[in-house]
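What follows is each chain in one-letter form.
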Amino acid sequence: MELVSDFLQYLPASIVAAGGLTVMMLDGYKARSRTIYTTTMMFLGVALAFATYDLFYAEDQIIFSGMAGAGGTAAFGTFIVVFGTFFTVILTHDYLVGVKHNFPQVYPMIMFCTFGMIVLATATDLVTVFVGLETMSICLYALAGILKDKRLGVESALKYFIMGAFSTGFFLYGISLLYGATGSTSLEVIGAYTDGGLIYWGGVSLLLVAFMFKISAVPFHMWTPDVYTGSPTTITAYMSTAGKTASFVALVLVLDRALPNVSSELTTMFSVIAVMTMVLGNVVAMVQDNVKRMLAYSSIAHVGYLLVGLAAGTVAGYSAVLFYLLAYTFMNVGAFGVVAYYEKNHDVHFNSVESYAGLGYQKPIMGVLLSIFLFSLAGIPISAGFNAKYLVFSAGIEAGLVGLVIVGVLASAASAYYYLRVMVYLYFREGKENVTLMTPKKVYSFSLVFLAVLTLYFGVVPAGVTELIFGFFSEGGIVEALP
Amino acid sequence: MVGLEWYLGVSAMLFVIGVLGVLIRKNAIVVFMCVELMLSAVNISLVAFSSFMGDVHGMILVFFVLCVAAAEACVGLAIVIAIYRNNITADISKINLLRW
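Respectively, the protein sequence lines represent chains Z and L.
Per the working numbering, the first sequence starts with residue 1, numbered consecutively.
Per the working numbering, the second sequence starts with residue 1001, numbered consecutively.
In short, the hints are calculated from the structure, not lab data.
Cβ atoms here follow ideal geometry from the backbone N, Cα and C, with glycine treated the same way.
Among the hints, a few may not be true.
To be verified - Covered by chain Z, per the in silico footprint, the following chain L stretches (three or more residues, Cβ under 8 Å): (1) 1013-1024; (2) 1051-1065; (3) 1075-1081.
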């Protein structure tokens, strides 16, 4: 009976997995693409409803004999992942129909990938972290190359696959060494280990290197721009929001539960990586002419801001990171959604910033939406992006990382240049040739408007969410770090 | 009896060979084989730790690793085939549409 009650605690993941299998069977029995899409949305909607319920009412607890968690941070991670997936699937359907490559196989793949992300975000044991990470990554390799006659897409899939498999090797070696040093793979047991030693530190560093690969922090970021440019645009949105959220939540859980004793020693390392990531991401984004590639480098820069919260290593820092991930999901899915809309009526190369000239007046709603999302990404006040950055940086200041925060604020100010450049092209340049945009589908524009409303809403009243997130950590092992 | 350090030494050596192979070799299939070598190195160290500590958890993890390696091989080879059909090469130094 314990197993049944555990499944009930783990309902969003179970529903997503069951949905993936159902959709795959539907495809096997040659159901129409429309049916498959509707079924996917139905399952995701139910999962989203349960994830929302868990977010507010589930108690923080450990299930499946210590392999996974429910409630608290786990529920929050699950919510962001399912939320991001829900909107990605809406956008992906329209995008794939628009580029005339509507494979029904995309939907089960996205569902399995989401399941992997939820497992990753709720893991309390390194084995579960590993299984979740790989379920997510293997599906993402396939999704990156889903348009298999487009050379760019397949090339990005190959690069993603090689780098991803390479980092998996490091990850596993880290797990193996930690297991050897501490005698267990459970995060709690590893957290209680204090003896240090070569094997332990080797394991910790390899594990962190692999995580840096997955979240694309700077020395290990090389794959990110290529993969994000080459993949289908809405899949890029999916990778950069849901995928990154799952990896980051897992990283926060590992730092919080498995490495609480050494987190003060990791501050310097995270600070150095954060500075490099912020500077390189922003500087290279400035010289990009391709909007998708610019957003890819901007996502690297955002990882840098998130690492400031991790470098702080306090409750405030970790909660700020979780809020940032939520805000980033709204605005980045939105931004990529509009880019996908501009792209899908044309060819894949319709992404240079020059081709956006004058488009802002043609379909005013899309221009305004893109402006809102980009303002939010740049961190201009009255947007979720501003509050997220504010929380992360104030956590950094509280932890005494003033120099790091100054670099962050300067980098963030510089980032306004390349976001505003897109808007300058949208509104103040004449288009060379006549590009006629199709009227967007109602569902498509409604979901984008909804995301924009959320972006603005959390820019004005973030208080409820931040208190909710803060509560996740207050009973954890780092309570003494509270200011 | 062979000591734990010997097993770990073999495992570390295989892992380094795998890493060097991924970094140096140009053919996508060979790179892929080197990744598999890295995973096998991990399996050796897991089994060694597990048997010396008398704890089965490590051996169970080995089965997960084997499973994941098989799934990865499946997707990875599919991607290599797709890229070979598009570019008529599996040489990763010639696959360079995306740069900077």
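Tested hints:
no., hint, result
1, 1013-1024, "holds (count 4)"
2, 1051-1065, "holds (count 8)"
3, 1075-1081, "holds (count 5)"
Hint violations for this structure: none, all hints satisfied.
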